[in-house]
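Number of protein chains: 2
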Amino acid sequence: MTNLIGRLRNETRSKSNYRRLHCTIAQALSVFGDQWTLLILRDVLSGLGRYEEIQRSLGLSRNLLALRLRDLDEQGLLRREAISGTRRFTYTPTEQCLDLRVTILALAEWGDRWRPDPDGPRLTITEQGTGAPVTLGFIRKHDKIAVDIDAVAVKRRIKG
Amino acid sequence: MTNLIGRLRNETRSKSNYRRLHCTIAQALSVFGDQWTLLILRDVLSGLGRYEEIQRSLGLSRNLLALRLRDLDEQGLLRREAISGTRRFTYTPTEQCLDLRVTILALAEWGDRWRPDPDGPRLTITEQGTGAPVTLGFIRKHDKIAVDIDAVAVKRRIKG
Chain A
1 MTNLIGRLRN
11 ETRSKSNYRR
21 LHCTIAQALS
31 VFGDQWTLLI
41 LRDVLSGLGR
51 YEEIQRSLGL
61 SRNLLALRLR
71 DLDEQGLLRR
81 EAISGTRRFT
91 YTPTEQCLDL
101 RVTILALAEW
111 GDRWRPDPDG
121 PRLTITEQGT
131 GAPVTLGFIR
141 KHDKIAVDID
151 AVAVKRRIKG
Chain B
1001 MTNLIGRLRN
1011 ETRSKSNYRR
1021 LHCTIAQALS
1031 VFGDQWTLLI
1041 LRDVLSGLGR
1051 YEEIQRSLGL
1061 SRNLLALRLR
1071 DLDEQGLLRR
1081 EAISGTRRFT
1091 YTPTEQCLDL
1101 RVTILALAEW
1111 GDRWRPDPDG
1121 PRLTITEQGT
1131 GAPVTLGFIR
1141 KHDKIAVDID
1151 AVAVKRRIKG
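The listed protein sequences correspond, in order, to chains A and B.
Take the first sequence: its position 44, counting from 1, is numbered 44 in the working numbering, and each next residue is one higher.
For the working numbering, count along the second sequence from 1 and bump the result up by 1000.
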């Protein structure tokens, strides 16, 4: 038990260290580093808008869900609106949240490739209308031509 | 203090619940749901291969780093090789890890857009050779034509 608490304390401490890191990934993860957070956002992005719907979908504790929804509202990822005549709320995705779809689908594609389900892919991503399978990749901004990942250069600016 | 421990215990319990979720994102996140994990993988992907280099880059505790590196080796994300004549190891990315570049860069692009640094973008992603800026997006698998995210349909298979 003492060990467990010691380990948890370390985790907490390291989480706050990590928030101070100057790095775009650290910045992003300080928002949704908690694993539930991305799952909640996925639910809201897929149209679940009520507390009860999300709670049923994920089966996480009511306290934890309420806490996460409040954080996400404060961070600007969800818009919380009162349902008139009740004390309840609906949650809809903001622009910030819509822009997370790429990250969530990247994670989902990876999961299907490397932690596959024996019954086959859990996810299909297609082009509406044609039904052609699509996948995430790199695209040149000016002419929308696809670029292979091995031909992509990534440069991080080091804070001077 | 009691409250803190109570909260941490809940977090731990919910993390194990979350591992049982049948969902591709949950599967992926059960591997690198810890925020440090993606940062360690980013470091290894950017060429840092030694324990000391990663430790210096992230500034996290030696115990926590050793624990995460062992997990990542067991999960098949890193390859650990002994440096001959020493008791030390180098870490290199496996195929699984290389395939995470899309996710990591999606997260990084989001971070630069929505949690920007006052001094400007922390990351530039370009095409090698031409230097043209590139970004992540959807591409049709058969002909590599870019598809706008709003023209993409995502379907999850529900376990029957």
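Any given hint might turn out to be false.
[What the hints assert, rightly or not] For lysine-lysine, the following DSSO-like pairs were computed, each having C-alpha atoms within a straight-line distance of at most 30 Å: (1) B:K1144 x A:K144; (2) B:K1144 x B:K1155; (3) B:K1155 x A:K155; (4) B:K1141 x A:K144; (5) A:K144 x A:K155.
[To be verified] Coverage of chain A stretches by chain B, computed from C-beta distances (three or more under 8 Å per stretch; other residues unrestricted): (6) 47 to 57; (7) 91 to 105; (8) 139 to 153.
[As the list claims (entries may be wrong)] The calculated label-pair distances, taken between Cβ atoms and stated as ranges, are: (9) B:T1090 x A:G76: 35 to 43 Å; (10) A:R80 x B:E1081: 45 to 53 Å; (11) B:T1092 x A:R80: 40 to 48 Å; (12) A:R79 x B:R1115: 16 to 24 Å.
It is worth saying that the hints were derived from the structure and are not from the lab.
Glycine residues also receive a C-beta, built at the ideal position from the N, C-alpha and C atoms.
To see whether the hints hold, each was checked on the structure:
{"no.": "1", "hint": "B:K1144 x A:K144", "verdict": "10 Å, holds"}
{"no.": "2", "hint": "B:K1144 x B:K1155", "verdict": "21 Å, holds"}
{"no.": "3", "hint": "B:K1155 x A:K155", "verdict": "34 Å, violated"}
{"no.": "4", "hint": "B:K1141 x A:K144", "verdict": "15 Å, holds"}
{"no.": "5", "hint": "A:K144 x A:K155", "verdict": "21 Å, holds"}
{"no.": "6", "hint": "47 to 57", "verdict": "violated (count 0)"}
{"no.": "7", "hint": "91 to 105", "verdict": "holds (count 8)"}
{"no.": "8", "hint": "139 to 153", "verdict": "holds (count 12)"}
{"no.": "9", "hint": "B:T1090 x A:G76: 35 to 43 Å", "verdict": "41 Å, holds"}
{"no.": "10", "hint": "A:R80 x B:E1081: 45 to 53 Å", "verdict": "50 Å, holds"}
{"no.": "11", "hint": "B:T1092 x A:R80: 40 to 48 Å", "verdict": "45 Å, holds"}
{"no.": "12", "hint": "A:R79 x B:R1115: 16 to 24 Å", "verdict": "19 Å, holds"}
Against the hints set out earlier in the document, violations occur for numbers 3, 6.
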